[in-house]
Amino acid sequence: MNMERARSWDLRVFAALVALGLLAPLVVYPVFLMKVLCFALFACAFNLLIGYVGLLSFGHAMFFGFAAYVAGHLAKVGTVSLPFGLPFLGWHWIVIPIPPLTPELAILGGVLVAALLGVIVGAIAIRRQGIYFAMVTLALAQMVYFLCVQAKFTGGEDGIQAIPRRPILGLLDVGNDFTFYYVVLAIFCAGFLIIYRTIHSPFGQVLKAIRENEARAISLGYAVSRFKLIAFVISAALAGLAGATKAMVFQLASLTDVTWQMSGEVVLMTLVGGMGTVFGPAVGAGIIIYMQNYLAGFGEWVLVIQGVIFVVAVLLFRRGIVGELVAFFRRRAAKPAEPAAAIGLAKPAE
Amino acid sequence: MFELIGVPPQALFGQLLLGLINGAFYALLSLGLAVIFGLMNVINFTHGAQYMMGAFCAWMLLTYFGIPYWGALVLAPIIVGLFGVLIERLFISRLYHLDHLYGLLLTFGLALIVEGLFRREYGISGLPYSNPIPGGTNLGFMFLPWYRAWVVVFSLTVCLATWFVIEKTQLGAYLRAATERPDLVQAFGINVPRMITLTYGFGVGLAALAGVLAAPIYSVNPVMGANLIIVVFAVVVIGGMGSIMGSIITGFGLGVIEGLTKVFYPEASNTVIFIIMAVVLMLRPQGLFGTPK
Amino acid sequence: MRCKLMAVLAAAAVSAGAGAAQAQYSDGVIKLGVMNDQSGTYSDLSGQGSVWAAKKAIEDFCKTTTCHDKIEVVFADHQNKPDVGSNIVRQWFDVDKVDVVVDVPTSSVALAVNTITKEKNKVFLVSGAAASNLTGKDCTPNTIHWTYDTWALANGTGQAIVKTGGDTWFFLTADYAFGHALERDTEAVVVKNGGKVLGKVRHPFPAQDFSSFLLQAQASKAKIIGLANAGADTTNAIKQAAEFGIVSGGQNLAGLLVFITDVHALGLKTAQGLIFTEAWYWDANDANRAFAKEFGAANRGNMPTMVQAGVYSAVLHYLKAVHEMKSDADGAAVVAKMKAMPTDDKLFGKGSIRQDGRKIHDMFLFEVKKPQESKGPWDYYKIRATIPADQAFRPLNEGECPLVK
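Chains as they are written, first to last, in the numbering used here: chain R, 1 to 350; chain V, 1 to 293; chain B, 1 to 405.
Same shape as in the complex, but just chain R:
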């Protein structure tokens, strides 16, 4: 019964946010809004992993950024050259000629590659938990970063520039930022709903069980590693969706998107907004992006302020803004049964 109330609340809040989103570009600069939406989706995807599976991925930027590169490449050049062979024996290339794609296909390509990367990284990283998991994801993300620096198609330090925005499905012209904004809004809503559905499903319940008590879940016969891997891949794919969309918005994919600082930023957004809450990451993303924009003139003070927010949030505001609001309303509703939602991160098994 409580869950239904929570769900109807969620629905109402979501509807309100969508309504806000539909009207916002009339008042606020659409490019800024699109940036917020992309990062909000990124943060929600990250939150799926930390809030509901209890795994802190410190390298999520690799999915975000790599998908951006893939989408950018598909939209600008199209032709894909895949390497195979060993470094000592010489690389050979399979060339798959593709014409430059329209945005929705390019984004789809980005998502698929991000999911594939998620499978590979997840298979390695899932073997560890807790802090080890975080460090492993960080290290693997750094490896992806160095690969991106080297790979020809990423353009290295220049990045992929002047990514064209062809008409979507060949029909809808999205050269105008205003029009494209609604497309991005639709993408965000789709991604958000996928996450929501994943959380509130039998699959999501198993994830919750794993987070609460992994040993018991194993003893009940659940293939825990597989569940974690699937959740990881979903999270990676949606982070990829965010990244690919961002590449289309800014018509640029660059190394910044795969740095560990970017990974740290999405952690910050989720922490500030509220880990494990439904709307927290989006709120957090909005706040951090706004702050970055507002303080853009101050250079490294942004770094310092982000550090301060991190420290303050970890020490005092662990539940994040939305988490605190939820706890506040719960206290007011005087329902004694539900304990304050402390974030249950996965307990390291060693």
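Treat each hint with caution, since some may be false.
Unchecked claim - Below, computed lysine to any residue pairings styled on SDA-like, alpha-carbon distance capped at 20 Å:
hint, chain 1, residue 1, chain 2, residue 2
1, B, 269, V, 59
2, B, 221, V, 136
3, B, 269, V, 62
In case anyone wonders, no lab produced these hints; they're calculated from the structure.
Since we're looking at a predicted model, the values are computed, not measured.
Add chains V and B to chain R, keeping to what the hints say.
Just chains V and B now, kept in the frame of chain R:
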């Protein structure tokens, strides 16, 4: 014989020696991380920033107080170690009752603050710090600067001394016991929180020491620790977090492997350590010297 | 949106009522945006110094010409990231009504700004960035590349060094697009002038430890070790080269992208003997020295770099062109006017701008003095050669710029 691989023996030995020197830095830094984690279960993301602070401290001591390198070698770790003690008392100690990941996030935030403040003050171009032992000797297969030889010898000594203290002395025994059962150890009348604080300070001091060692050869700039720390994380994961000796051996070993990669396939020298980490995780998730779960 | 509409109507009314005789600048103001690195690797060579240079240009312009015009300068930090830079520039153009973007070091950012400026038909005056593609295949009618580029550096340094005896080379290259380009351009010049490249090694970007690469360079016994990298990589490599006794062992380092601020950071003891090309040096003549003195007074005693001098020169010429046209609205038209007018300012002297957007002036080959040769702070360079303007830059027909028929 070596010509078959296309590399003359001089280049090979030269690179091996250089790899050993890099390994010294990896070992010293991962030692600090391992000490802090092994005894406190906290991942000190600030380690890179503290390494940088050590280098800056040495520079400041020289520039403002005229204290040369040898004095800085002693003073800088103490100063930065005190800073470490301060942040442990103020911030980190509040998180012990929570999941360890919060410690990671906290130290990450602190790292951002420290790096941001130093960048604000000193820019990124890097500050000069002169070599205290200039010159070197021609070994035939390479020219070995005295300073680099000193780095290897000194870090090896420090690493072994630390290992000895932790594994073989009574103080070390108390520290190790305090990690496993702080309540029992406290019951014996040992001031556990103070020990933990001092441990953190010691680990930070090790990072700062590495920074002072690095100052004459690498550029003293605010981002010197940022990318290095992630490599050190990989080293620690490969070595296995539980073992002090493990991180020392892994640090030196990976430095050597990196050096070899620079000879045979230089473009991969940045990623080889991560590749090894991935392989080790697939085959032996607890790390080379870690204890299985 | 309503407010914007009202503003446009009001502006239209005002400008209509103001009469045809007065200049009609977009939104009534000439707004210059100086965007560069204010906090990172390139903050010393551009940063606030460039902003000062732009303001000084406006001041000097208004001394010689009566300025009815309202001229404003805004600045921003792109943090050397193309996404930050393109974000700022979009907002500047769309929301803040900036007319011209100036400086922008870091080629990746400059290329992004280049595209956006063309899209919005504004003006882009590049001083800080090096990418020779800006006047090559990426040239646009809205961009002028002012101070230097990779081709000029490669050509100047490579040719001049080979001609003065440095005919065997070994390259230490940063393994990313910029480094490769620099290496490729310089190698071509060296070979063309009769030199030989004995070997190359690529180091990761960014790199901390160059010892193994320097070892290989030493073993090659090449007379010149070319550093095809920039920023911290260059200073690190130079520092470590000093440690290995490379210069005292008879080899010379050739920095392919070095600024006076890098030399200042390294110190003369470490940087002595370094050879490289620059477009401007503060101690070259009296006019430069006077400018530098004023600059130093306002910028913590630092001396201006060629990038900041280039900003001064570019802004001055832009203002002259806009003043003659009495309008700044059409970016391509302003740039066409700038190309039609010969340039003349106290820092770069007389020069011109080519069809492809390349500004032409002499380039200079400098060598860093030994510590005992220097008479004071910032007295770092001695001149080895002057490369005349018509030879310093890539020939017009070799660039593949679509504007050049």
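Query raised in the report: Are the Cα atoms of residue 221 of chain B and residue 136 of chain V separated by 20 Å or less?
Result: Holds, because 19 Å separates the two Cα atoms, which is no more than 20 Å.
Query raised in the report: Are residue 269 of chain B and residue 62 of chain V close enough, with their CA atoms no more than 20 Å apart?
Result: Cα-Cα ~17 Å, so holds.
Report task. Starting from residue 269 of chain B, check that the Cα of residue 59 of chain V is at most 20 Å away, please. Result -> holds, 17 Å
Checked against the numbered hints listed earlier, the structure breaks none of them; every hint is satisfied.
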